[in-house]
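Produce the entire structure from the sequences given, and follow the hints as far as they go.
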Amino acid sequence: KQNTARLLPFVCYSLFFFLAYFTLQVIYARRKFKISPPETAGHPEFERIFRAQVNCSEYFPIFISLLWVAGIFFHQGMAAACGVLYLYTRFRYFHGYALAAQGRLGPLYASARLLWLLVGLAVAGLLAHFLLL
698 KQNTARLLPF VCYSLFFFLA YFTLQVIYAR RKFKISPPET AGHPEFERIF RAQVNCSEYF
758 PIFISLLWVA GIFFHQGMAA ACGVLYLYTR FRYFHGYALA AQGRLGPLYA SARLLWLLVG
818 LAVAGLLAHF LLL
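As numbered in this note's numbering, the sequence shown has no gaps in its residue numbers, which increase by one up to the final residue, 830.
If you are wondering where the hints come from, they were derived from the structure by calculation, not from laboratory data. Just so we're clear, the structure is a prediction, and the values are computed from it rather than from any experiment. Positions of the beta carbon are idealized from the N, C-alpha and C atoms, including for glycine. It cannot be assumed that every hint is accurate.
[Unchecked claim] The following label-pair restraints were derived from C-beta to C-beta distances:
{"#": "1", "residue 1": "Pro-758", "residue 2": "Leu-721", "range": "30 to 38 Å"}
{"#": "2", "residue 1": "Phe-730", "residue 2": "Ile-761", "range": "29 to 37 Å"}
{"#": "3", "residue 1": "Pro-706", "residue 2": "Lys-731", "range": "35 to 43 Å"}
{"#": "4", "residue 1": "Phe-827", "residue 2": "Ile-761", "range": "15 to 23 Å"}
{"#": "5", "residue 1": "Ala-778", "residue 2": "Asn-752", "range": "44 to 52 Å"}
Take a look at the structure:
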């Protein structure tokens with residue numbers, strides 16, 4: 698049987714670019730506001746950009762785990778679609794948070810719903826796999 702998991706690696710590869718982009722935004726903000734590492738406090742705009750990057754980075758391991766389990770055990774296409782939507786909502790979260798703390802809330806709730814959907818898909822796939830063995 699040929700391995701047909703091609704969509705999940707695409708989402709993972711896209712994740713790399715999101716992480717790089719968020720990291721570069723922190724670097725640019727450090728330069729703009731003259732905040733040298735390891736400092737994490739300073740201008741409020743820098744602090745929001747820094748927190749947005751850290752918050753996104755904290756959730757990505759959870760996202761990747763759920764993406765792969767849902768994709769392998771439930772349905773690759775549905776998991777990949779959720780993954781692309783999740784990345785989009787985190788991009789909106791990052792930019793909303795960079796502008797104002799309240800700007801993060803809508804995208805935050807949307808990304809949380811997508812993570813819960815991936816949890817449900819992963820659980821359904823695992824139950825079907827192990828109960829139908």
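Verdict for Pro-706, Lys-731 (Cβ pair) under range 35 to 43 Å:
40 Å, holds
Using the C-beta atoms of Ala-778 and Asn-752, is the stated range 44 to 52 Å upheld?
Given about 23 Å between the Cβ atoms, the range is violated.
At the C-beta level, are Pro-758 and Leu-721 separated by a distance inside 30 to 38 Å?
Check failed, 21 Å falls outside 30 to 38 Å.
Check the following: the C-beta atoms of Phe-827 and Ile-761 are separated by a distance inside 15 to 23 Å.
22 Å, holds
29 to 37 Å was suggested as the range; check whether the CB atoms of Phe-730 and Ile-761 agree with it.
Roughly 31 Å apart at Cβ, these two residues keep to the hinted range, so it holds.
Hints 1, 5 from the list above are not met by this structure, while the remaining hints are.
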